[in-house]
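Work out the full structure, taking the sequences as your base and the hints as a guide.
Quick note, the sequences are listed as chains A and B, same order. FYI, the numbering used here numbers position 227 of the first sequence as 227, with every residue one higher than the one before it. FYI, the numbering used here numbers position 344 of the second sequence as 344, with every residue one higher than the one before it.
Hints are computed from structural coordinates only; laboratory data are not their basis. Do not take every clue at face value.
Said to hold, decoys possible - Below, in silico cross-link-like pairs of lysine-lysine (DSS-like), each with a Cα-Cα straight-line distance of 27 Å or less:
| # | chain 1 | residue 1 | chain 2 | residue 2 |
| --- | --- | --- | --- | --- |
| 1 | B | 366 | A | 275 |
| 2 | A | 362 | B | 435 |
| 3 | B | 362 | A | 437 |
| 4 | B | 437 | A | 362 |
| 5 | B | 362 | A | 200 |
| 6 | A | 366 | B | 275 |
| 7 | B | 366 | A | 437 |
| 8 | B | 366 | A | 435 |
| 9 | A | 435 | B | 362 |
| 10 | A | 362 | B | 275 |
| 11 | B | 437 | A | 366 |
| 12 | B | 39 | B | 75 |
| 13 | B | 362 | A | 275 |
| 14 | A | 366 | B | 435 |
| 15 | B | 200 | A | 362 |
Computed from a predicted structure; not experimentally measured.
Number of protein chains: 2
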Amino acid sequence: MAIEDEVLRRIRPTPEQRERVDRAAKAILEAVREKAREKGLDIQIMLVGSVAKDTYVGSPDLDIFMLFPPTVQRKDLESLGLAIGREILKDGEARYAEHPYIHGTWDGLEVDLVPCYAVKDASELRSAVDRTPFHTQYVNSSLKEGQHDQVRLLKLFMKGIGTYGAEARTRGFSGYLVELLILRYGGMREVLEAASSWRKGETLSLGERGRPFKDPLVFYDPVDRDRNVASALSVNNLALFIHAAREYLSRPSLAFFFPNERRPMPLSQIRDVMKDRGTELLVVHLDRPDLIDDDLYPQVRRTLDGAVDLLERGGFVVYDRDFYIGEGIQMAIELERAVLPRSVRHDGPPAWIDNARSFLDKWRGKGLSEPFLVNGRWSVMVSREHPQAVGLVLDRLGQAALGSGLRGLEGLTAVSGEDALVEENRRVISTLLDKRKNWEI
Amino acid sequence: MAIEDEVLRRIRPTPEQRERVDRAAKAILEAVREKAREKGLDIQIMLVGSVAKDTYVGSPDLDIFMLFPPTVQRKDLESLGLAIGREILKDGEARYAEHPYIHGTWDGLEVDLVPCYAVKDASELRSAVDRTPFHTQYVNSSLKEGQHDQVRLLKLFMKGIGTYGAEARTRGFSGYLVELLILRYGGMREVLEAASSWRKGETLSLGERGRPFKDPLVFYDPVDRDRNVASALSVNNLALFIHAAREYLSRPSLAFFFPNERRPMPLSQIRDVMKDRGTELLVVHLDRPDLIDDDLYPQVRRTLDGAVDLLERGGFVVYDRDFYIGEGIQMAIELERAVLPRSVRHDGPPAWIDNARSFLDKWRGKGLSEPFLVNGRWSVMVSREHPQAVGLVLDRLGQAALGSGLRGLEGLTAVSGEDALVEENRRVISTLLDKRKNWEI
Chain A
1 MAIEDEVLRR IRPTPEQRER VDRAAKAILE AVREKAREKG LDIQIMLVGS VAKDTYVGSP
61 DLDIFMLFPP TVQRKDLESL GLAIGREILK DGEARYAEHP YIHGTWDGLE VDLVPCYAVK
121 DASELRSAVD RTPFHTQYVN SSLKEGQHDQ VRLLKLFMKG IGTYGAEART RGFSGYLVEL
181 LILRYGGMRE VLEAASSWRK GETLSLGERG RPFKDPLVFY DPVDRDRNVA SALSVNNLAL
241 FIHAAREYLS RPSLAFFFPN ERRPMPLSQI RDVMKDRGTE LLVVHLDRPD LIDDDLYPQV
301 RRTLDGAVDL LERGGFVVYD RDFYIGEGIQ MAIELERAVL PRSVRHDGPP AWIDNARSFL
361 DKWRGKGLSE PFLVNGRWSV MVSREHPQAV GLVLDRLGQA ALGSGLRGLE GLTAVSGEDA
421 LVEENRRVIS TLLDKRKNWE I
Chain B
1 MAIEDEVLRR IRPTPEQRER VDRAAKAILE AVREKAREKG LDIQIMLVGS VAKDTYVGSP
61 DLDIFMLFPP TVQRKDLESL GLAIGREILK DGEARYAEHP YIHGTWDGLE VDLVPCYAVK
121 DASELRSAVD RTPFHTQYVN SSLKEGQHDQ VRLLKLFMKG IGTYGAEART RGFSGYLVEL
181 LILRYGGMRE VLEAASSWRK GETLSLGERG RPFKDPLVFY DPVDRDRNVA SALSVNNLAL
241 FIHAAREYLS RPSLAFFFPN ERRPMPLSQI RDVMKDRGTE LLVVHLDRPD LIDDDLYPQV
301 RRTLDGAVDL LERGGFVVYD RDFYIGEGIQ MAIELERAVL PRSVRHDGPP AWIDNARSFL
361 DKWRGKGLSE PFLVNGRWSV MVSREHPQAV GLVLDRLGQA ALGSGLRGLE GLTAVSGEDA
421 LVEENRRVIS TLLDKRKNWE I
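What follows is the structure in structure tokens.
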């Protein structure tokens, strides 16, 4: 327990931090109320999220919700909500999740000012944000003395191992999910102990369960029993959390909460690793389109899947792949080899099928062999259209399944072998090759 | 039809040939009868096979059967039969099919003297040879005027394209099957026309059909309706015959009956072909064990299948393979590449399975990467046990499924790449690379 005490000592908000956060929250709430009064609006103003729940770690976002009556038109809700937000946050800018809100800063703290509908219960939701106030109320009325710190511990553990955050970039555990896990099991240790024997498809709840889900982990939302709070969690992050829980319980360490920074491998080390393995890297670059992360990451994953599928159908053996999004998009694919023989066996119909003749007419005297029979089927050695992985990707990636924002393949380049082992690819190659867990760095 | 007339002109036995064959047959039959009388044996002596049926091509074997009454003990039948055979054929030697017989020569003709049982009908067979007299009687009583020449034509066509002979070496059409096909369809052209639209699993008969068979071609034996006369035929030879039939009908040529000799490719040409393809050859040699062809060929095929399976399980991509049996056994396998990367991805259990820990304990810090998660399963890059096809075959072929006569792997050698392209491998490599049909040479 000494480790967890030490972690809490480091992350529990100090009285000064608390005071600053509370002051800012109070001031914004007051300012929003004033604005609403000015505009003659009958709306409820509510502090939600981790500050309202006292479960934040580090410098928190302030989430202020403006709850409009359901009689207000959606259009008016959006324009009024954005107007208030802009007037209060000097540097505020509109952002768009399921519907728009204003993001800005106040006294150095990140602030979201979000308009939503004040619905009576979760069955009447008009959009996902309408659910947030219910979550805040649920957690606030359920968390017991001391559990706030347990939430903080588990959040930091999740951050440390790299599974915190439900956004598309991470595909991990949301803050609300962490809170529900603490409510379900009591404390961080208890969550880790339970997770040690979780299986894929583990199904949890704090009350009634609704329709079945097929996600890697299911946690029925206590305020909306037909929603899986863990729907964003990837199977890899579930596996990683299970693994980390077991590791931590057998060898607790501060490194799970405060991992060292991961540094890209030096090129010389990359060369050594590749020489040891005898495999080859293919690195594909694309320009980064003007998309928010929640759109960009899924599209990059789809594009990388498409590239891997393309390569495999082209006869290449893919060992591993990963991507890194910085100024541009970089995808690294480890191949058994990046250049295949110039020929390939092309299998045709059985000899007793009527269109055997057209296969023979097509290939007689034109292949790298005469047609020959294999178990009664015609085959012929033919020139491979794309013996080079680079050529295949450059020529055909446009036809592979791609995210709409990447369909133009702006800035596409591809290199393999020694050409790939250059400074600008160091980061993505490190992402691929460095398989240490965060707490092992 | 001019081509078939020309073929018949060349192969129909001349009066001098006929006279010689008939004289020899008569003399042996008389000699055997005399011997039987001397020994006080009450046996029937019968000329069977293609001479008896007048369907032979070229210099025929003389097949003389000695039909013993079923009351004679098997042991006595064998010893008496072999004794008579040895006394008549000065150079005779015992051979063993399902039971023993004497093979020798008489006046320059090959002769088989075969003891068998005189059974009343095919349902009482004691061994497969007992069926032969029934076959001879059936064909003799069924073939019409002119059909003998049609049998000769189809036999020579089968020989020319390489599908004649039911023995394990060839896995083609037996002489009896050729005769039945002529009886079924009338003449050679009619057989080829029918074969043009055969399918795999084609089922033919000249009377009652017995139990079902799953062979590529089924022809119910008219003297034993539960036997498939075509059981030895491989699917490739069925396909080749269907193909040759179509080809011949659209472009008849003497080359189908009298193909040119196939010559091994010069090494320089082999080098050019391999350079064009960019693939690599693996050539495996084994000593030739002291086995008859009917045992040897299936064992070599099984061994080659085992080697291919071994290579594929080892990560090698096999394009093609073939073998040649001369003084020794040579097997050639065309590979995408003969050397693989030194590493391979080794996939383990999902992270939520209990034995995930033992996978991690085994590989942590010991692989070519740390263990990493792929769709929730642990994987790790490890050293490949056999990056070289040659090493894999030398090390493991002994564990692959092998024919019993080859299990010792006497004289095993394996070479690949440039080392394989040497004079002594020219023959087997040509067998693999030269995909021209016999009539295209």
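Results of checking the hints against the structure:
1. B:366 / A:275: With Cα atoms ~17 Å apart, residue 366 of chain B and residue 275 of chain A stay inside 27 Å; holds.
2. A:362 / B:435: holds (16 Å)
3. B:362 / A:437: Between residue 362 of chain B and residue 437 of chain A the Cα gap is close to 17 Å, so the pair holds against 27 Å.
4. B:437 / A:362: Holds: residue 437 of chain B and residue 362 of chain A sit about 17 Å apart, inside 27 Å.
5. B:362 / A:200: OK: residue 362 of chain B and residue 200 of chain A at ~23 Å, within 27 Å.
6. A:366 / B:275: It holds: about 17 Å lies between the C-alpha atoms, which stays within 27 Å.
7. B:366 / A:437: Given pair residue 366 of chain B, residue 437 of chain A holds - Cα atoms ~15 Å apart, limit 27 Å.
8. B:366 / A:435: The hint holds at about 13 Å.
9. A:435 / B:362: Holds - the C-alpha atoms of residue 362 of chain B and residue 435 of chain A are around 16 Å apart, at most 27 Å.
10. A:362 / B:275: holds (23 Å)
11. B:437 / A:366: holds (15 Å)
12. B:39 / B:75: holds (16 Å)
13. B:362 / A:275: holds (23 Å)
14. A:366 / B:435: It holds: about 13 Å lies between the C-alpha atoms, which stays within 27 Å.
15. B:200 / A:362: Distance ~23 Å between residue 200 of chain B and residue 362 of chain A Cα, so the pair holds.
Violated hints for the displayed structure: none, as all numbered hints are satisfied.
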